[in-house]
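Chains as they are written, first to last, in UniProt numbering: chain U, 1 to 299; chain H, 1 to 125.
Be aware that a few hints might be false.
As the list claims (entries may be wrong) - Straight-line Cα separation of at most 35 Å, DSBU-like style, residue types lysine-lysine; simulated pairs: (1) H:K54 / H:K34; (2) U:K265 / H:K19; (3) U:K244 / H:K10.
Hint data in this document are derived by calculation from the structure and do not stem from the laboratory.
In this text the structure is predicted, and so the values were computed from the model without any measurement.
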Amino acid sequence: MIEVQSLYKSFGKEAILKDVSFHVQKGSIYGLLGSNGAGKTTLMRIIAGILKQKNGHVRVLEEEVFDNERIKQKVVFLPDSLYFLPQYTTRQMADYYSKMYDSWDEERYQKLKRLFQLDEKRKISQFSKGMQRQVAFWLAMSSMPDVLILDEPFDGLDAVMRQKVRNVMIQDVAEREMTVLISSHNLREVEDVCDHVGILHQGEILLERDLDDLKADVHKIQVAFQEEAFHPEASGLDILHQEKRGSVFLLIVRGNEGDISAEMKKHRPLVYDRLPLTLEEIFIYEMGGVGYAFENIIV
Amino acid sequence: MFELDVRSRKPIYEQLVEKLKQLIINDVLKEDEKLPSVRELAQQLTINPNTIQKAYRELESQGYIYSLKGKGSFVHPSGKVNNEEELKKVREELKKLFAEAIYLGVSSEEIAALLREVEGGQEND
Chain U
1 MIEVQSLYKS FGKEAILKDV SFHVQKGSIY GLLGSNGAGK TTLMRIIAGI LKQKNGHVRV
61 LEEEVFDNER IKQKVVFLPD SLYFLPQYTT RQMADYYSKM YDSWDEERYQ KLKRLFQLDE
121 KRKISQFSKG MQRQVAFWLA MSSMPDVLIL DEPFDGLDAV MRQKVRNVMI QDVAEREMTV
181 LISSHNLREV EDVCDHVGIL HQGEILLERD LDDLKADVHK IQVAFQEEAF HPEASGLDIL
241 HQEKRGSVFL LIVRGNEGDI SAEMKKHRPL VYDRLPLTLE EIFIYEMGGV GYAFENIIV
Chain H
1 MFELDVRSRK PIYEQLVEKL KQLIINDVLK EDEKLPSVRE LAQQLTINPN TIQKAYRELE
61 SQGYIYSLKG KGSFVHPSGK VNNEEELKKV REELKKLFAE AIYLGVSSEE IAALLREVEG
121 GQEND
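Generate the whole structure from the sequences, applying the supplied hints.
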């Protein structure tokens with residue numbers, strides 16, 4: 001559905017995206033994560049056909065997207081800084097959208113009006129930040145896109161509204177296999193809703209995987225032994241991170257759960273606990289692996 | 001039908017598999033009963049339909065449910081299937097609990113009595 005291949009983009013002399021390749025399947029909700037300044041927004045603007053890449057391919061719905069009106073009809077992009085025509089009300093914006101998007105669904109618009117409960121005759125500029133975001137979702141979801149691209153979508157929405165918006169989005173994914181690409185810094189948000197994630201760092205994709213596979217592959221382990229005979233390095237396990245607190249080891253280990261527990265059992269642990277990692281922890285350890293680490297600096 | 005704990009570290013997909021298994025094992029979902037469709041469940045729980053699909057596939061491969069094309073997923077009549085993987089997990093859990101019980105001074109007679117109690121309870125069903 002979205003295919004990005006060896007993408008390169010620079011602004012002036014500075015390369016923003018160096019060699020980005022990834023793939024989003026139809027009906028998938030894909031979370032694009034990344035460090036600050038990793039190039040997420042630039043990447044999304046290219047996928048939406050706003051910017052043109054220097055090298056590489058971006059194919060949305062099997063076609064190059066830049067200057068391609070037919071494809072852009074089916075794509076809605078919600079940037080992190082929203083734009084509405086000056087002095088427009090929501091109703092006027094809706095009329096504008098209905099002319100731009102052939103797939104505009106007026107019935108859906110009316111239904112969503114009950115959900116958002118905003119006055120469609122008020123000027124959008126008078127709305128609060130969160131309300132403006134609601135308007136943006138309202139318009140986007142009424143346009144019935146095949147591909148929805150969201151840059152920091154839940155910023156400024158309260159908890160109830162977030163849940164409502166997510167629910168509408170999920171219905172569209174379930175019912176008509178809409179494809180969604182989300183970038184967010186709120187990893188909990190991404191964790192709850194996405195099935196695939198990709199991590200972008202310094203203009204390159206560090207990893208791209210099924211979220212559940214990713215979680216099933218990394219484990220946080222607390223283990224303690226009677227004798228001091230255990231050495232993490234000698235165990236043959238793929239250890240990403242280790243700490244020792246008293247006689248308790250805290251290990252972040254990559255690998256199959258069965259293999260790890262079998263290896264640990266060999267040393268007859270007194271305590272053996274395995275916790276799945278949160279996406280936030282995975283993000284921190286993966287970024288640590290490429291030198292983007294958390295350091296505890298006392299200031 | 002049920003709630004998931006989104007704050008849990010456990011992946012949503014695993015939680016789904018476990019919850020549905022519980023419902024099947026405890027006969028809340030009866031033999032040949034239709035499970036909610038992926039769409040319904042996605043909307044009810046506000047979770048990714050792909051995650052639900054995956055959980056259903058897993059339950060099917062473990063023999064708890066079967067699916068009919070175009071009709072949906074149903075509880076397998078022999079829901080209490082022999083499943084090595086599951087048995088292994090349960091045995092490990094039991095061992096852990098037994099160890100804890102013994103440590104706390106529970107005698108093996110008491111454990112045996114508890115076992116009989118559980119068995120008796122099931123026969124009276």
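Outcome of the hint check:
Of the pairs offered as hints, the one joining K54 (chain H) and K34 (chain H) holds, with about 17 Å between alpha carbons and a cut-off of 35 Å not exceeded. Annotation: proposed proximity of K265 (chain U) to K19 (chain H) holds, straight-line Cα distance about 29 Å (limit 35 Å). For the hint pairing K244 (chain U) with K10 (chain H), the CA-to-CA distance comes to about 25 Å; that is within 35 Å, so the pair holds.
Hint check: no violations occur; every hint is consistent with the structure.
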